[in-house]
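Asks: So for the sequence shown, our numbering puts the first residue at 1; every next one is plus one.
Wrong hints could be hidden among the right ones.
[Unchecked claim] Derived CB-CB ranges, DEER-like:
#1 Val81 - Met1: 29 to 39 Å
#2 Val58 - Pro32: 17 to 27 Å
#3 Met1 - Lys82: 14 to 24 Å
#4 Ala11 - Glu56: 13 to 23 Å
It should be emphasised that the hints constitute simulated quantities derived from the structure, not laboratory data.
Even for Gly, the Cβ is constructed at its ideal location relative to N, Cα and C.
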Amino acid sequence: MAINFTLNGEAVSANEGETLLDVAKQNNVDIPHLCYSDRQGSDGNCRACVVEIDGERVLAPSCCRAPTEGMNVQSTSERAVKS
Numbered sequence: 001m002a003i004n005f006t007l008n009g010e011a012v013s014a015n016e017g018e019t020l021l022d023v024a025k026q027n028n029v030d031i032p033h034l035c036y037s038d039r040q041g042s043d044g045n046c047r048a049c050v051v052e053i054d055g056e057r058v059l060a061p062s063c064c065r066a067p068t069e070g071m072n073v074q075s076t077s078e079r080a081v082k083s
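All chains, please: the whole structure from these sequences, using the hints.
Replies: In structure tokens:
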């Protein structure tokens, strides 16, 4: 079952088990990342891939965060880019 959400103002969908970073890559959205690789997986330690999620106080690492239905994610907001 597809999970529908918004990434940088565009409607996108994810499959169960995918991360925000996975979906960004599939949709040609570049999110910088250091500690993540397909072979190594994700720890979220470097915090280079953080994104802003509406309604959340802190930025979230996109490499280990699963999307939820209706989520609004910004990788290009001033706050996310500064981090």
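Asks: Run every hint past the structure and note whether it holds.
Replies: So, going through the hints one by one against the coordinates:
The given range of 29 to 39 Å is respected by Val81 and Met1, whose C-beta atoms sit roughly 32 Å from each other. The hinted window of 17 to 27 Å between Val58 and Pro32 holds, with their beta carbons roughly 18 Å apart. Between Met1 and Lys82 the beta carbon distance is about 35 Å. The supplied range of 14 to 24 Å is therefore violated. For Ala11 and Glu56, the Cβ-Cβ distance of about 20 Å falls inside the hinted range of 13 to 23 Å, so the restraint holds.
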